[in-house]
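Chemist: Given only the sequences and the hints, what does the whole structure look like? Please build it.
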Amino acid sequence: MLIAVILALAAGTYGFRVAGVLLRDRLDLPEWSRRLLPVGAAALLAALAATAALTEAGAFAGWARPAGVLVGVLLAWRRAPFVLVVVAAAATTALLRLLGVP
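Numbering (the working numbering), first residue to last: 39 to 140.
A few of these clues could be false.
What the hints assert, rightly or not - What follows is a set of in silico ranges between Cβ atoms, one per label pair, in the way DEER data are often shown: (1) G100 x L60: 45 to 51 Å; (2) R135 x R55: 38 to 44 Å; (3) V121 x L67: 20 to 26 Å; (4) L47 x A84: 18 to 24 Å; (5) G53 x R135: 19 to 25 Å.
Note that these hints are calculated values from the structure, not bench results. C-beta: ideal position from N, C-alpha, C; glycine also.
Modeler: So, in structure tokens, the structure goes:
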């Protein structure tokens with residue numbers, strides 16, 4: 039069952055990618071919608087990141103995880119090395135949870 043789901047998702051993903059290449063010249067989008075497509079992709083990624091950072095099992099994840107994400111974002115914004123960003127974010131979350139912050 040799991041293999042069938044993985045194969046169906048892979049086929050759907052491949053189909054969307056091929057459709058984009060094949061229909062590029064046949065589909066005429068207005069200029070305003072062409073400008074909004076990259077913004078829509080960025081908004082979708084931001085929404086997914088916010089959901090993963092703030093919720094767990096459909097409820098608020100507590101303050102430790104968003105604090106760790108904030109530390110990671112600040113370090114990434116300051117162009118810190120990726121390993122340092124990940125380790126600092128995880129350490130912040132772990133330390134806050136060790137101190138009893140939910």
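Chemist: Are V121 and L67 spaced within 20 to 26 Å by their CB atoms?
Modeler: For L67 against V121, whose Cβ atoms are near 41 Å apart, the range 20 to 26 Å is violated.
Chemist: Assuming the hint says 45 to 51 Å, is it satisfied by the Cβ distance from G100 to L60 or not?
Modeler: Taking Cβ atoms as reference, G100 and L60 lie about 46 Å apart, which means the hint holds.
Chemist: With 38 to 44 Å as the target window, see if R135 and R55 comply at their CB atoms.
Modeler: Check passed, 40 Å falls within 38 to 44 Å.
Chemist: Could you see if the CB distance from L47 to A84 stays within 18 to 24 Å?
Modeler: holds (23 Å)
Chemist: Are G53 and R135 spaced within 19 to 25 Å by their CB atoms?
Modeler: This hint is violated: roughly 42 Å between Cβ atoms.
Of the hints listed earlier, those the structure fails to meet are numbers 3 and 5, in rising order.
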